[in-house]
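Chemist: Spelled out from the first residue to the last, the chains are:
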Amino acid sequence: MTHPPAAANPQPPRRRVVVTGCGMITPLGRTTAETFARAAAGESGIGYLTRFDTRGLPCAIGGQIPDSWLDDRSDDYGRRHRPQLALCNRLLLAAAGEAATQARLDALPDRARLGVAVGAHGENPSVDDALFLHRFTDGQGHWDTAAIARSGGYDFMQFYRRKSDLAPVTLAARYGAGGPNLALVSACAAGAQAIGEGTRLIREGRCDAMLAGGAESALDFVGILGFTLLKALAERFTAPERASRPFDRKRCGFVMSEGAGVVVLEELDHARARGAAILGEVLGYGDSADAYRITDTHPAGEGAVLAMRGAMADAGLAPEAVEYVNAHGTSTVQNDVTETRAIKAVLGDHARRVAVSSNKSMLGHTIAAAGAIECILSLEGMRRGVLLPTINHEFPDPKCDLDYVPNVARARAHRVVLSNSFGFGGQNACLCLGRWDE
Amino acid sequence: MSERVVITGAGLVSALGGDRAATWAALGGGRSGATPVAGFDARGFACRRAAQAAVPDPAALGVSPRDAYIMGRSNLWFLQAARAALAEAGLPLVCTDGTVVGCFAALGMIDPVPDDLRTAATRSRGPDGAFDPGRFYADAYREIYPLWPLAILNNVGFCMAATSMGIRGENAVFAGGADAGAAALIEAADVVGAGRAVVALAGGAAEAITPLGLARWHHQAELCPGDGPEPACRPFHPASGGVVPGEGAAVLVLEREASARARGAGILAVVAGWGRASGAQAVARAAETALNGRTGGTPAVDLCIAHGEGAPARDAEEAAAYRRLWPGPDAAPPVAAFKGRLGHLGPAAPAADAALAVEIFRTGCLPAAWPDGAGPDAVPVLPLAAAGAGPAPRTVLLAARGWIDTAAAVALSAGVAP
Chain A
-4 MTHPPAAANP QPPRRRVVVT GCGMITPLGR TTAETFARAA AGESGIGYLT RFDTRGLPCA
56 IGGQIPDSWL DDRSDDYGRR HRPQLALCNR LLLAAAGEAA TQARLDALPD RARLGVAVGA
116 HGENPSVDDA LFLHRFTDGQ GHWDTAAIAR SGGYDFMQFY RRKSDLAPVT LAARYGAGGP
176 NLALVSACAA GAQAIGEGTR LIREGRCDAM LAGGAESALD FVGILGFTLL KALAERFTAP
236 ERASRPFDRK RCGFVMSEGA GVVVLEELDH ARARGAAILG EVLGYGDSAD AYRITDTHPA
296 GEGAVLAMRG AMADAGLAPE AVEYVNAHGT STVQNDVTET RAIKAVLGDH ARRVAVSSNK
356 SMLGHTIAAA GAIECILSLE GMRRGVLLPT INHEFPDPKC DLDYVPNVAR ARAHRVVLSN
416 SFGFGGQNAC LCLGRWDE
Chain B
54 MSERVVITGA GLVSALGGDR AATWAALGGG RSGATPVAGF DARGFACRRA AQAAVPDPAA
114 LGVSPRDAYI MGRSNLWFLQ AARAALAEAG LPLVCTDGTV VGCFAALGMI DPVPDDLRTA
174 ATRSRGPDGA FDPGRFYADA YREIYPLWPL AILNNVGFCM AATSMGIRGE NAVFAGGADA
234 GAAALIEAAD VVGAGRAVVA LAGGAAEAIT PLGLARWHHQ AELCPGDGPE PACRPFHPAS
294 GGVVPGEGAA VLVLEREASA RARGAGILAV VAGWGRASGA QAVARAAETA LNGRTGGTPA
354 VDLCIAHGEG APARDAEEAA AYRRLWPGPD AAPPVAAFKG RLGHLGPAAP AADAALAVEI
414 FRTGCLPAAW PDGAGPDAVP VLPLAAAGAG PAPRTVLLAA RGWIDTAAAV ALSAGVAP
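Those sequence lines, one after another, are chains A and B. Counted from 1, the first sequence has number 412 at position 417 by the working numbering; the numbering is strictly sequential. Counted from 1, the second sequence has number 298 at position 245 by the working numbering; the numbering is strictly sequential.
Okay, chain A solo, but in the shape it has when bound (with noise of 0.2 Å):
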């Protein structure tokens, strides 16, 4: 018995989703505006973490948000709740904040048209929360329960800025929002599916409108801990600054970052018949899975030949279409080769002609914020006509050969952009995104 072949794509005519609002919060700005032009400019967010001791850890960098940024954007609701909001989740709502005055959300009438996707991890339990158990267990797989239960040891709020779930969770309350919610924990591809599957709700008529983004603080010990276990970061370097260098030659590994990125993701009609400013389009949305090992992407990047063909399919667009790719662009050594395998793959010698870019060179690795973060700045990127450099860019790769905009961004008219979001795992998602041309 075989799997049976697939049918032919239905083409119903569908509802048009544009982005009426954008916000982010990340180390290079606190809004879009600002994070657009240093990102523009070609300065990193990238230095040394200050926010715990990171003595004798081979990787002490990272793209930190300096706190005094979130309490300019804390809110009401979020001075209220902060005790039981995660770091990212306060980020969360920094973003959406932007994203919502600049959509006018206040005034939507019927919020039970609005959803809500959002990925988003959590909090990281600490080393010490960790090691504090040992205390409770003899070695011997016995527990001291009661001594647990009597010590207070799972904090209230701990469990709750733990919960992924929480985060779609506190914007729909914070806006109201009592159309679907979705936590999404698809690791570096969260943001960008929540973005895509936000696109689909309203696309199918269950709701006109979606607040859609992701938001990550991963950025302790244990964060940082992991992937130092995994070899995955960059260790050698000769300024934080300089180490995140996606498709150079002397890339060693990505660099962790926080931040949050959030759209509101609307029908086309619904945002007309309110005045709203139209700011971009979701064309198409791609997903997939590598199905090859939990610890390697594909080496063909077959994974995401697959969710950038999705897109493209999607958008109903051909490869010449395409005039700029948002690349995932990690700066590990393994995905820049294979993303820039998959681009060829995808776009044949078209891709010769594209510009090929990554936001990670100067803000990092934000994990589940990156998709929705690369969206918003691919969006600002055709408003104004510009192509963002990917910084560091000094040792060319004769496996990674395609146009990466080195180092200085370039001032082109472009209305059609593939953007990337790859997850640890291997699931694998692509916006395709256009400019909006009254």
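Keep in mind that the hints were calculated from the coordinates and are not lab data. Treat the hints with caution; some may be incorrect.
Some chain A residues near chain B, calculated using beta-carbon distances under 8 Å [as the list claims (entries may be wrong)]: (1) Thr132; (2) Gly171; (3) Arg195.
Residues from chain A that keep clear of chain B, each with C-beta distances beyond 12 Å, as calculated [unchecked claim]: (4) Asp66; (5) Arg77; (6) Arg99; (7) Ser181; (8) Leu263; (9) Ala268; (10) Arg269; (11) Val328; (12) Lys339; (13) His345; (14) Arg379; (15) Gly380; (16) Asp392.
Computed from a prediction, not measured in an experiment: that's the story for all the values here. All residues carry an ideal CB built from backbone N, CA and C; glycine is no exception.
Fit chain B to the supplied structure of chain A, relying on the hints for placement.
Modeler: Showing chain B alone in chain A's frame:
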């Protein structure tokens, strides 16, 4: 245009059995999966009972010891249920063309296991024997198994299952409670109906009951105290003791009706509708959407398999939602709930309920909502479906609630033989 989506396979692993047939037989026999917590001494917790599932043999699932460590028992249940569902659907356990097969999983939180950090912690002791963070940070952490981080990734269950079964199509991993499990089912139905996948797996896995996990359960639900043998969790009973945590997984195989018929697959059920909502009246609004508004006057369904977790306050809220949905003394369909027997399977609950709906469609039998001994004086807050055999329902509404103000509902219709 979306086409009709059907269920052709349904795998279920629960405290009552390692497959759907065993679980169904045990339910019919009046058994409950709830027992005193095994595997660790739970005397410190108020709730010391759970419906715990047997751990499958990784080798029998084709899983290496290394991968079994990464997956943990929760994700092994997911793989076990997925393989059972594929086998029932008559599909290969390793996809011949994985690009047309999707997978949507709802997975719970994963806790670090102290034993994984034990050597590092021991090496971090200072001269006074106390833990010295400086020693840990400087060097001792290198004693931790390098693949330990994979074991605490939220999406590792999906990734391992996809790799094991060669699934390469559309996918997502959702987090949360039963609402996440419903989201997995809904997304899979949508992807298949729209033709973006020929086959999709949809389901979830409950979190394993561990000391830390049970501590978390105490925060996220009103648990049943004690560990006695008496029936404790009695959904919609005003004197229910509360929630009993459950273990296990459930996975469904979804495909388009035409495709299933063309290859002669047995159709276990038809996905007839779905809805999701959050905030006030989420259960009623989700159900109303699932039924396309067909709720006034007479019920559009023959049976409602409620979320019914056994916490009196939450059950009363849910009952109020159904009364709002179906006003009038005889308007509501009979209601069933299985968490009193299987425990609360969290993100696996909706697919588990769907698997049981398949059996209800097939047999026309309905197990009792409560284990034996509920007492003849029980006056539920909602009219419960009478246990026993009768005319088989043709349409069933499944309801699922998240931990916080979110809900989803899925309507299923009886399938027909090929």
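Chemist: Name the hints, by number, that the structure is in violation of.
Modeler: Those not satisfied come down to hint 7.
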